[in-house]
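S.K.: Work the whole structure out from these sequences, hints included.
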Amino acid sequence: MKTKRICIYAKDIQRITGKSEKTGYRILDNIRKRLGKEPHQFVTIKEFADFAGFATEEVKEYIYD
Numbered sequence: 366m367k368t369k370r371i372c373i374y375a376k377d378i379q380r381i382t383g384k385s386e387k388t389g390y391r392i393l394d395n396i397r398k399r400l401g402k403e404p405h406q407f408v409t410i411k412e413f414a415d416f417a418g419f420a421t422e423e424v425k426e427y428i429y430d
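All residue numbers for the sequence shown refer to this note's numbering, where the first residue is 366 and numbers rise by one.
I should point out that these hints are in silico values taken from the structure, not numbers from a laboratory.
Each hint should be verified, as a subset may be incorrect.
[What the hints assert, rightly or not] With a Cα cut of at most 30 Å, we get these calculated DSSO-like pairs of lysine-lysine: (1) Lys402 to Lys387; (2) Lys376 to Lys425; (3) Lys425 to Lys369; (4) Lys398 to Lys384; (5) Lys398 to Lys425; (6) Lys387 to Lys376; (7) Lys387 to Lys411; (8) Lys376 to Lys411; (9) Lys376 to Lys398; (10) Lys369 to Lys411; (11) Lys411 to Lys425; (12) Lys384 to Lys425; (13) Lys387 to Lys369; (14) Lys411 to Lys398; (15) Lys402 to Lys376; (16) Lys402 to Lys425; (17) Lys384 to Lys369; (18) Lys425 to Lys387.
M.R.: Shown next as structure tokens:
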């Protein structure tokens, strides 16, 4: 059974985009800034999908636990 989670990590973004993990962290920082979040706050899968222009369900297909 696949574990469900709401937040996305740099490693997930690396898997989805094919970019480096460092770029994944940069993308997360950009999303936080755009949404007015603090550095310690998580980014949700939906927030990433909206930012990147992907459907949420598409993104969830690439999330492994």
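S.K.: The structure should be examined with respect to each hint, and the outcome stated for every one.
M.R.: Each hint tested on the structure:
At most 30 Å may separate the alpha-carbon atoms for a hinted pair to count; Lys402 and Lys387 meet this at roughly 19 Å. Among the hinted pairs, Lys376 with Lys425 is consistent with the structure: their alpha-carbon atoms are about 13 Å apart, no more than 30 Å. For the proposed pair Lys425 and Lys369, the alpha carbon gap of about 9 Å is at most 30 Å, so the pair holds. Of the supplied pair hints, the one linking Lys398 and Lys384 holds, its CA atoms being roughly 20 Å apart against a limit of 30 Å.
The suggested pairing of Lys398 with Lys425 holds, with an alpha-carbon distance near 23 Å, which does not exceed 30 Å. Distance hint between Lys387 and Lys376 is fulfilled; the C-alpha atoms sit about 9 Å from each other, no more than 30 Å. This hinted pair checks out: Lys387 and Lys411 have alpha carbons roughly 21 Å apart, not beyond 30 Å. Distance check on the hinted pair: Lys376 and Lys411 sit about 16 Å apart at the alpha-carbon level, within 30 Å; holds.
With a C-alpha separation of about 19 Å, the suggested pair Lys376 and Lys398 falls inside the 30 Å cut-off, and the hint holds. Proposed proximity of Lys369 and Lys411 is supported: the alpha carbons are some 13 Å apart, at most 30 Å. Among the hinted pairs, Lys411 with Lys425 is consistent with the structure: their alpha-carbon atoms are about 9 Å apart, no more than 30 Å. Simply put, Lys384 and Lys425 have alpha-carbon atoms about 18 Å apart, close enough for the 30 Å limit, and the pair holds.
In summary, the hint linking Lys387 to Lys369 is supported, as the alpha carbons are separated by about 24 Å, within the 30 Å threshold. At roughly 16 Å between alpha-carbon atoms, Lys411 and Lys398 fall within 30 Å of each other, so this suggested pair holds. At most 30 Å may separate the alpha-carbon atoms for a hinted pair to count; Lys402 and Lys376 meet this at roughly 20 Å. Of the pairs offered as hints, the one joining Lys402 and Lys425 holds, with about 22 Å between alpha carbons and a cut-off of 30 Å not exceeded.
At most 30 Å may separate the alpha-carbon atoms for a hinted pair to count; Lys384 and Lys369 meet this at roughly 24 Å. Simply put, Lys425 and Lys387 have alpha-carbon atoms about 21 Å apart, close enough for the 30 Å limit, and the pair holds.
Hint compliance for this structure: every hint is met.
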